[in-house]
Structure formats: structure tokens, C-alpha cells
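Student: Residue-level listing of the chains:
Number of protein chains: 4
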Amino acid sequence: MGDSMDRRDFLIMAGAAASSTLVHSPGVLAAEQTVHAAEPPDKRLVEDLVAANRVLADQGILDAYGAVSVRHSRVANRFLLSRSLAAELVTAADILEYDFAGEPVNPAGRVSTPERYIHSEIYKVRPDVQCIIHCHTPSLIPFGVTKVPLRPLYHMSYFIAQGVPVYEIRDAGGMTDTFVRDPKLAKALAQVLGDKPAVLQRGHGAVIVGDSMIAAVGRSVYLDINARLQTEAMALGGAVTYLDPEEARKRDSPNVYDRAWELWKRKVTVN
Amino acid sequence: MGDSMDRRDFLIMAGAAASSTLVHSPGVLAAEQTVHAAEPPDKRLVEDLVAANRVLADQGILDAYGAVSVRHSRVANRFLLSRSLAAELVTAADILEYDFAGEPVNPAGRVSTPERYIHSEIYKVRPDVQCIIHCHTPSLIPFGVTKVPLRPLYHMSYFIAQGVPVYEIRDAGGMTDTFVRDPKLAKALAQVLGDKPAVLQRGHGAVIVGDSMIAAVGRSVYLDINARLQTEAMALGGAVTYLDPEEARKRDSPNVYDRAWELWKRKVTVN
Amino acid sequence: MGDSMDRRDFLIMAGAAASSTLVHSPGVLAAEQTVHAAEPPDKRLVEDLVAANRVLADQGILDAYGAVSVRHSRVANRFLLSRSLAAELVTAADILEYDFAGEPVNPAGRVSTPERYIHSEIYKVRPDVQCIIHCHTPSLIPFGVTKVPLRPLYHMSYFIAQGVPVYEIRDAGGMTDTFVRDPKLAKALAQVLGDKPAVLQRGHGAVIVGDSMIAAVGRSVYLDINARLQTEAMALGGAVTYLDPEEARKRDSPNVYDRAWELWKRKVTVN
Amino acid sequence: MGDSMDRRDFLIMAGAAASSTLVHSPGVLAAEQTVHAAEPPDKRLVEDLVAANRVLADQGILDAYGAVSVRHSRVANRFLLSRSLAAELVTAADILEYDFAGEPVNPAGRVSTPERYIHSEIYKVRPDVQCIIHCHTPSLIPFGVTKVPLRPLYHMSYFIAQGVPVYEIRDAGGMTDTFVRDPKLAKALAQVLGDKPAVLQRGHGAVIVGDSMIAAVGRSVYLDINARLQTEAMALGGAVTYLDPEEARKRDSPNVYDRAWELWKRKVTVN
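Protein chains in written order, with this note's numbering: chain A, 1 to 271; chain B, 272 to 542; chain C, 543 to 813; chain D, 814 to 1084.
Just chain A, same shape as in the assembly (with noise of 0.2 Å):
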């Protein structure tokens, strides 16, 4: 498998057209579908997915709109998304996996997401990302558009404290409808985004990454509640205390979310 994955890598990166009929979109190979046949996604993985989405959509992060992924826990270059659906309405049937093309491996009449560049091309250059939200949560929206800068001023939060950068994506784009439609604008998103954990995007929404699906979830659920925290203590007025960037530091744990991962995947699940 090594060197096949070795030579997909290589065209991907290289935007390579394929030519073989069993190829459905540029840059996937034929080979693919072996691999995918031979190693589907570990059930526990697809199982966790479909919980995010839920967890998700249940603490408000994401509505009718955008999508949680997570990389294939087998081929480094691959990652699960599910079909363009609701979070709250996902099942395991709905999950699909993707190239770093971002194309659909085996779409089988499943309709895509056309944002699910975004995914494919941030996983390319964040080898330690292991998960990717995209949202379009309300409270994050006004620090987008405007000078005002999201900083971390709730524990929970730490993680800001790293930046989140603003993507403007007339810089990469000019006028557009707002949605990173293509490659080219999520490569744009990924460079914006930098090694950061989150960036949010101008009159759209956000994108939150992590090294786990756990981390990613509770990255957007914190980034949320302080954005609402800062809008109530900016509106107190006087200055506001942020986290000293050695404390949010310290703060940083493997499993800083596990405990409310936990609660809000019982809720889901059992309620």
C-alpha cells in the first residue's frame, strides 16, 4: 500500500489529471478504490462522526449548515465527511469518504458539500490536524466582521490565545457568494489559518480544527462561549483581563474536553 499511496500523494499534490475511466473526479486513481475496498473506516470512527454531528448540532454549533470531518483513521490522505446534510439529521449511512482532491470516493448518487474543500485542503497541510468543523455559528459572526479581535478571557477558551485570524475571501477570490467553492479558495482558507486552531471567515462562519474529534468539538463549543463572554464583558466596559498567553499555555492537556465530550454525547444519545 505504501508505495501507491506514495505515488497518490504525489499526483494529488501535483494536481494531476488521471486518465483512467474507473477515475470520477481529478486526481483520484483507480487504485483508490482498492485501497478503499480493502480498508474501509475503522466502525468505532464512523460511529464518533455521526456523534459529533449530533453533539454539534445539540450545543448549537452547527444548524441546517456545515459539516464536521475527521481523517481516515487507516489512509493518512483520506477523510470521512458526511453527504451535504444537516448535523442533526446524519447517519452512518450518510458518511462518505474523500481524497485529498476533496472528491468522494465512492459517492454512490450522494450529493457532496461543495465546502468540502475546505477539509481536504487544511488536512494537506495539517498533518497534525486530525478533525475539521465548519460552521456558521451566529456568535462568531460579528467578530468577523469587525476589527475586533477574539481573545480568550474563559479557561475553556485557552486556545485563542494562539489566534484566530480573520480569512477575508475577497483578498483570494474578489467577489464571490462567500463559500469556498473551490481548491483555490481553501488553499487561501488553509494558509489564513495558518498552525492555528481556528479561523473565521468574513460574513460566513468558521472553521475550527483539532488534533482529535474531541478536541475539535470542544474548540467549538469554547470558541462560541467566549465570543459571547467577550461581546458581555467588552459591553461592561473598562479593560478587560484576557488569559496571559503563559496560562492559556499551561492550560493546553490532551484532554482538556474529555469529560464534557462525555456529557454532551450521552445527551445525544440517551435523551
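DSS-like mimics (lysine-lysine), calculated; alpha carbons at most 27 Å apart, straight line:
no.	chain 1	residue 1	chain 2	residue 2
1	D	Lys1080	C	Lys809
2	D	Lys1000	A	Lys250
3	C	Lys807	B	Lys538
4	D	Lys960	C	Lys689
5	B	Lys455	C	Lys792
6	B	Lys521	A	Lys184
7	C	Lys738	C	Lys666
Hints are computed from structural coordinates only; laboratory data are not their basis. For clarity, every value in this text was computed on a predicted model and none was experimentally measured.
Position chains B, C and D relative to chain A; hints supplied.
Tutor: What follows is chains B, C and D alone, placed relative to chain A:
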């Protein structure tokens, strides 16, 4: 049918008074009864209108008051609207057919809302409009009673770029109870609306229109969200970057709210 | 039972020396006992009062505290009020009858709220009032502790145009726990209320009255909504256009909240 | 029992290190195991603590994090606290007994929260305190990161008149992750709390205490409400009339939140 419709249209447009004993309201001819009996509205249209009522209640757009109507699928100068009843309680049995004079064709004892002329007067002058919502959504009220115009800062609310004027009922009717209770006040409202997607009513509520039921419902929801986000963004202080008119134009598409409608409808039927 | 009740009433009444063994409070005649025995409150009235309790809890007007009373349907100087209990939990068995001294006619061990004198003192001087609500609705508190008067900007809240004064309990009682715990403080509150539809209590809550149960409940809900909308409209900056007093007068009608009551009642019974 | 308790108290207060092999944490003696075995906490107390966990989750005070503890009913220098678990999920099986060193007497594999020292250090120096809540309630955060002090403007929040200081963890611990993770930081927190009903933790949350479980739970709920109302009242502009200290003193009474507790408990058990 063509001939009788032409004649009926003429009479309605001219505001002609009928003399037949079968007429149960000014401007409605006996001939219409025949049309009505022969061509009941598409059953699916009634089901969708009931769903729209429940969706609008569930999404917080309609409370105990307000209403949603849809143009008749077979008779262009008729529309469907529930009897005076909170949207959350509406069933198919509550849906009445109205003519362009704003009168129910077959009320059978069911009481009509006094605000029905809003619907008849707009359908008359806006052949593109297939669905009309009159609501009292709280978030919209502040923008009707101040000089702050609603402006689009969220991609799903792009249609606001076309402009959302404010109807000052005193300009047309002097001192009233703020209700558009007759064709004259409704005609003035339709004029202020013009070719826009929505109009605010000072101290009262708003009217939102669309070229489909999904368009009007979607606009109602995202008008509400934009109002709240604009309030928050302005509170942060400094300049707000609104959508560029060209961005808004590019965002416009026939199926822009389809995915949301699918979710919203499921929420009021499955749950 | 009568004898023991007389004695208990006697003791309860602050050690007052009753002159008649049948009189159980000043201003209430022995004849009333007969009336009471002969004419229990209309069963439907009790059911409606229970519904009002649940509606007010469901609509967020009453929380664990506060109460709604209704004038007795057969004895004008009596009223019905639940024992001290959160509105959401009230059933018919919790409804007590009170006289105009603010004392329960037949408590049977059930504990009365210390704020019952608010009700008795207002019913005494406001023959037009049939229903009284004492609440601690959060949205109203800021308007009681600042110099910003509540003003109507929403058509359903038209009654605010009559004025909503603020009761400063220190004017009548000096330093207290802010509770209207005796007839003297309640009388002063009734005086500040005057002929208005509602009065705010600084740092405490509000009292809303109506000439019917539906009127008082509707006013409570729309006083709350107006308070929130006024806060938002003022935050937008610039002048606010409030309802013209004549518009408010024209909006006034006996059945203005009937359709809302129908919905609200269904929400607490069917659901 | 008296003798052994006296001795245990002495050892704990002195921070004596135990030498017995049966000791499973510093300051806990083998003898305590006997006490524990002989005097399990009142079953009713455990039930109430489980109810308090669920009430605090239902009322929005505790989310996935934070905790409520209660002093042991039979052993004054012990307290009960759930294992590290979201309050909403806590059952009787999750309740552990802790000593005044902040260590679990019989963890049996159950993981303790690192913030347990907050509880032990406060119980040590506040013999009046029977219940402690550590929460991250969003509304309180802005008052911890600005110079705006929480002040009482609502009668149910009267206890705020005693003062709600802010704990700046950097004063005691320099750069940390903002968690009170050891007895030293907890001792400093207890000192800032002093004899007050609550203390805010800058950028983190708050600690609320009470002389009964109902008092602490009630204070938590009304601290939250007051924070939101104060934000709103200040936004209206102009001076705010806060409760007079004497009014607050007069409002104080042992059973001030009993009626609310009855409702809150019903909401998490019946529903």
C-alpha cells in the same frame, strides 16, 4: 377556465362590486365558486402550508399571531391562508382559500384574520411572489422603531442587500391601531415593499415574501438571525463590514434554503 | 370546624380583638361565611386560574415565586389565590379563597404567601380589576432600578402607554426586605399603581392587573417582551419611535389577547 | 466517637503526616477507615446531593464541569463530593467521601476532580459552611475579568451585598492553568473568600457557599440572575439603584430559597 379567469381578474383589479346573491363578499363572483369546486388546491400544497406554519412557530418567527400564505397552485388570483389561529395549532382543516379582494371563498364559519389584505394586495402586484409571511418577530422590532437600517452581514441573509424598507402606517392611515386592516392600508404597504424581499412595519412587525414557500420561510429565519447579529456587531463598536452588493447577488440561488427546509420540516414532524 | 376557624383567624389577625365571633377580619361580614358555604367559586374559574398559573410559568413570567389571583365570580370582595407554591406546581387543590383583609377563608393548614395583601388592597380600590399578577420577571428589573421608564414600542404592549410607574418601597416603609408584607405597604403600592395597568417594584418585581384573566396574563407577557425590545432598541442608538398615545388607545380592545391565550393554554395542557 | 474525632481534627488541622500503611493519602489516618465504615453518610444527604447536582445542571449553573459538595452529616471534618463527572450524570454511586486534606476516603478506582481542595480548604476555615459549589457559570465570567463589581439589584440576590471578591490566581500562584489544583492555591482562595457568600475566580469561574445545601444552590442561581440583570441595567445607562445594605440584611432568612428548591427538585425528578 382561461376566459372566466380573465374576466375575474378584470373585475378584481377594477375592484368591481358584485351583485349576485351568491357573492359572499365584495368582489367575489359566483363563478368563482365553480372554479373552487372544480379545482381544489393541490393536496401537497396544503400539507406544505401546514408544515410552514409549524416550522415558523418552531423557529420562533411566528408566535400566537401572524400568518403565512401561499398562492393557489391552480388559480393564480387566489391564495391559501389559515383561519385566525396561532401557527403552531394550524392543521389542514384550518386552511381557507381567499380571493384577491382578501375575502374567504368558503369560510364555513371559520374566522379570518383582519390582516389578510396584506396578502391579497401583495399577490396582486407581485406576480413573482408565491408565499407571504406576516410576522411580529421580536428581533425585527428595534429596526422598525429606530433609524438603523437592516443590512446584511451574514451570507444566508444576503437578500437584505436588496433593501428592507420600513412601513410607517401613519403615512398612509394616520392614527390607527397599527394593524393593516383594510385593502387601502395593505396597498400602501405593498407600495413600500415594492420589489424588495421584505418590509418592516414600525412598532408592529414585518412582511417577508418569496418566489417559493421555502424562499419565504428561509428569508424569515435569516432576517431574524441577521437582526440579532447586526445588533451584536454594532455593540462591539467600530465599523461593520456588510456584504458587498455583488457578493449578495452571487449568493442568490433558487435552492439556497432547501437543506434548511429539510431539517426544519423534520423537526416539526418527526419530533 | 367553624368555631376553631374563628379562633384561629382571631389569633392570626395580629392579635386583633374581634368584636363578633363570626367576623374573621376587618371589613368581612359574617354573612360572607354563609355566602361562601352556599356559593363556592365557579369550578371553571378555578380551572382557569390553575391554567393561568401554568401559562405564566411556561411563558417565563412566574418562576418559583410570585402569584396570580382572580376575583371571586360570585362574591365581589373575595378573591382566589394559590397557597404559597411555585406556579408551575399549582393544582385546583392549592387554590384558596381570600377576603379583602388578605386572609384565607379556609386555609385548612395550607400556608399563604406573605404578599397576598398586594391582591386584597388592589381589588379593594380597583373595581375594574378582575385579575392580578405579582411577578419577579427578570426583564422588568432593570427598568425598576434605573430612571429609564418603560415605554411602548410594540403594538401588543400598547397598554404601557397608560404609564407604568415605579413603586419605591422605602417611600412607604423605609428599610424593608423589599416585600410587600402587610396591608399598609400594599395600600401604598395600590396608590402608586393608581388606575394604571402595571407598576414596577424597585429591586423586586412588578404587579400587573387586568379586567379579565386573559387581559392580565397577556399584559404580563407583552410587558416582558416590550422591556426586552426597548433595551435592544436603545442599544442600537439614536431616537426610538414609541407608539403614539392615540395609536395605543385605538389598539385597546376587550379580546386583544384571546388568540394568544388559546395557544398558551394548549401548550400547558396538551404538551 | 468524640475522642477519635478530636484527635483526627487535631492531626488534620496540623497537617500531620501519617505513617500507617493503611493511609492512602497524606493526613488521612487508618482510624478514619473505621469511622467511615461505622458511620456512612445519611442516605438522605446523599440523595439531596445527587438532586443538587441535577438541579444545578438543569438551572444552567453547572455544565460539564464544576461540582457541589456537602459537609458530612456525622463527621464534621469530612465532606461528600462526586467523582470527576458532569453534574447532570451524577448518581449516588458517584458520591465519594473526602477528608480535610482533600483526599477521597474510599475512592475504589473512581477519579477525583483536581479542584477538590477548594472544598476542603473552605470547610476547614468556615465552620458555618455546609455546602460549597464551584462553577464556571458564563454570566459570572465578565465580572471576574473587568473592574465592575457584582452588586445586588434583585431581592433574591440580596446576599451579594456582603460582597463578592475576585480571586486573582496569579497573586497566589503566578502563572498557572487557572485551576485551583493544590491545597496552597485553595487556601489562598479561601482567604480571598473570607466570610463572604461567594468569590469569583478571574478567567475561570466562581465558588459559592452556604450554611445549607438549599442556601448554596439558591445563591448560585440568583448570583447568575443578578449578573445578567446588572449587565442589562448598566446597558440602559444612568445610575443604578442597588439594594441598600440594610434592605439586604432584612431580606436574609434561613428559608429564603425553600420554595424554589421545591420546584427545582421537582423539575429534575418528575420531568
